[in-house]
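Novice: In case you want the letters, here they are:
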Amino acid sequence: MIEHELVIIGGGPAGLSAAYGAYQKGVKDILIVERDVRLGGILNQCIHNGFGLHRFKEELTGPEYAQRYLDLINETKVQIKSDTMVLDLTKDRIIHCISAKDGYQTIRGKAVILAMGCRERTRGAICIPGDRCAGIYTAGAAQKYCNIDGFLVGKKVLILGSGDIGLIMARRMVLEGSEVVADVELCPYSNGLNRNVVQCLEDYNIPLYLSHTVTEVIADEKNGRLKEVTISKVDENKKPIPGTEQHIECDTLLLSVGLIPENELSQNAEIEIDPRTKGPIVYDNLETSAPGIFACGNVLHVHDLVDFVSMEAERAGVNAAEFLQKGELTGPLVKVENHELVGYTVPQYIRKVDLDDGYVQIFFRVRAPMKNKRIVLTANGEELASFPRLNLAPAEMENVKIKKSKLKDVDMIGVSIQEMKK
Amino acid sequence: MRELICINCPRGCHLKVDEKTLTVTGNSCPRGKTYGISEVTNPVRVVTSTVKITGGDSPRVSVKTDKPISKGKIFDVMHLLDEVELKSPVNIGDVVLPNILGTDVNIVVTKKM
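Line order of the protein sequences matches chains R and C.
My numbering puts the first residue of the first sequence at 1, with every later residue one more than the last.
My numbering puts the first residue of the second sequence at 1001, with every later residue one more than the last.
Isolated chain R, as found in the complex:
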């Protein structure tokens, strides 16, 4: 068995940033295991700009952002095993992996960081009725075919879901000469960033049908390719309303209907998963329920900005370094609970250690768009802190900071959204 101080599973933005964070903190024996031939993950196909404003204070495309981290990593002694698939992970941090070059190997990490990212929900995941035909893709798959492989997947496109990848692909398909007939969104609001609704749909006059969904797909019998999609309006319970059907001719349906953290390996390692985030339950140092195994990036909870993935992952790297240098942390816990209008929180628990030192950052998403509210942290029936917000939206991850010293007499804090004080 091969041994390393720190093994990172995944060489996308989270894995690269985690490696950089740990290396800066003095861990020199780091291995990144990546299943693709290239590092950088999804950034390689995200050729649009808008990355890096928080982390690098400039606007970069995805490949440029990835290169920034690759340049940082290339100056270190971090080792890379690419084109290598991790098959299994155990709770005592043994990784089973396989590659054409090295065959089957087992690797033990004194610490492990999970950075496997997420994958797209498919037609099957949302049970779209109708014919099984060619021409139905997830938006990310279409993006890879277009931007990496140079294939355009269709000429007349309907997009289901208004997540960022769907919006970005709407513009991309139009620029490459396809017609995008509509973007159809189940919710009464867009699930992507506002800027993407403006510069991807409005700029190209692509209609956005809110509170609508696809209720039927019809194949062309001659060639087995999609020829028509039926869309219907939905009620407040997101159920299609009979009689509202519209038939739209198209040869391609792109799905941008959500992302799921890829936690099969975490489950193999018996790590506790939060049903709200579908990622591991973590402490404030991003350590999972398995000691010495940390999680960061989209495998932990789906982010909307890579900048925040990087910042979280660097923190996971630093914390893994501390675990290696100082040993396992123990201490009484503060449970973080999501209350009114808050969908989840990361972390789910805060350890009461070094309470005189620094702050804890809590990340979450709201359940619905809102204006002029306060984010309120409460404990023992009292307000610990409150943060005003002009706009809140499910598409935009929120975060608040609280001083650790405020947690001394607390064993649970609640995160809620409340009215502004008069």
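To be clear, the hints were calculated from the coordinates, so they are not data collected in a lab.
Remember, predicted model here, so these are calculated numbers, not experimental data.
Idealized CB from N, CA, C, for every residue including glycine.
Treat the hints with care, as some may be off.
[To be verified] Far from chain R by the CB rule (all over 10 Å, computed), these chain C residues:
#: 1; residue: I1005
#: 2; residue: N1008
#: 3; residue: T1021
#: 4; residue: L1022
#: 5; residue: T1025
#: 6; residue: N1027
#: 7; residue: K1033
#: 8; residue: S1038
#: 9; residue: T1041
#: 10; residue: V1046
#: 11; residue: T1050
#: 12; residue: S1058
#: 13; residue: K1073
[To be verified] Straight-line C-alpha distance at most 25 Å; calculated DSS-like pairs for lysine-lysine:
#: 14; chain 1: R; residue 1: K371; chain 2: C; residue 2: K1073
#: 15; chain 1: C; residue 1: K1073; chain 2: R; residue 2: K156
#: 16; chain 1: R; residue 1: K371; chain 2: C; residue 2: K1033
Based on the hints, put chain C in the right spot on chain R.
Specialist: Then chain C, alone, in the frame of chain R:
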């Protein structure tokens, strides 16, 4: 008065721009003001796309305009890119097409390949 959502960064500030006096409110940084004025006078966008490449690990390499260009010229930019064929190796920032469409905007590579 025009209501806009700033596209400079993912924050997406809700701007109000007075088209006569060109005053901007609702922005949280100077870029918002610049965007608001530009959007009602001469809207511009950075165009990102790909061009053909041989000898790399993929048949396409990503490129962008190094400055924003008038919205009305976006499809002209796309047509220019149809003709480009690069050979590996290329690096981030390499100029593929200089001063396109009579502007000071260049097409540059965004991926090392």
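Novice: Please confirm whether N1027/C is truly not at the interface, meaning its C-beta sits more than 10 Å away from all C-beta atoms of chain R.
Specialist: holds, 12 Å
Novice: Would the pair K371/R and K1033/C pass a check requiring their Cα atoms to be no farther apart than 25 Å?
Specialist: Satisfied, since the Cα-Cα distance of roughly 22 Å is no more than 25 Å.
Novice: With d taken as the least Cβ-Cβ distance between V1046/C and chain R, does d exceed 10 Å?
Specialist: V1046/C not clear of chain R: closest Cβ-Cβ about 5 Å, inside 10 Å.
Novice: Using Cβ atoms and 10 Å as the threshold, tell me whether T1041/C really stays out of contact range of chain R.
Specialist: At about 16 Å from chain R, T1041/C clears the 10 Å cut-off, so the statement holds.
Novice: K1073/C and K156/R: Cα distance at most 25 Å?
Specialist: Holds: K1073/C and K156/R sit about 23 Å apart, inside 25 Å.
Novice: Are all C-beta atoms of chain R more than 10 Å from that of T1021/C?
Specialist: Holds, because the least Cβ-Cβ distance between T1021/C and chain R comes to about 23 Å, which exceeds 10 Å.
Novice: Hey, does I1005/C actually stay past 10 Å from chain R on C-beta?
Specialist: violated, 4 Å
Novice: If I take the minimum Cβ distance from S1058/C to any residue of chain R, is it greater than 10 Å?
Specialist: Non-interface label fails for S1058/C: nearest chain R Cβ at 5 Å, not farther than 10 Å.
Novice: Confirm or reject: K1033/C is not an interface residue toward chain R, with every Cβ-Cβ distance exceeding 10 Å.
Specialist: At about 16 Å from chain R, K1033/C clears the 10 Å cut-off, so the statement holds.
Novice: Could you check that no beta carbon of chain R comes within 10 Å of the beta carbon of T1050/C?
Specialist: Given that some Cβ of chain R is not farther than 10 Å from that of T1050/C, nearest at about 6 Å, it is violated.
Novice: Measure nothing beyond the straight line between the CA atoms of K371/R and K1073/C; if it is 25 Å or shorter, mark the hint as holding.
Specialist: Since the Cα atoms of K371/R and K1073/C sit roughly 36 Å apart, the hinted pair is violated (cutoff 25 Å).
Novice: T1025/C clear of chain R by more than 10 Å, beta carbon to beta carbon?
Specialist: holds, 13 Å
In this structure, the earlier hints numbered 1, 2, 10, 11, 12, 14 are contradicted, and the remaining ones agree with it.
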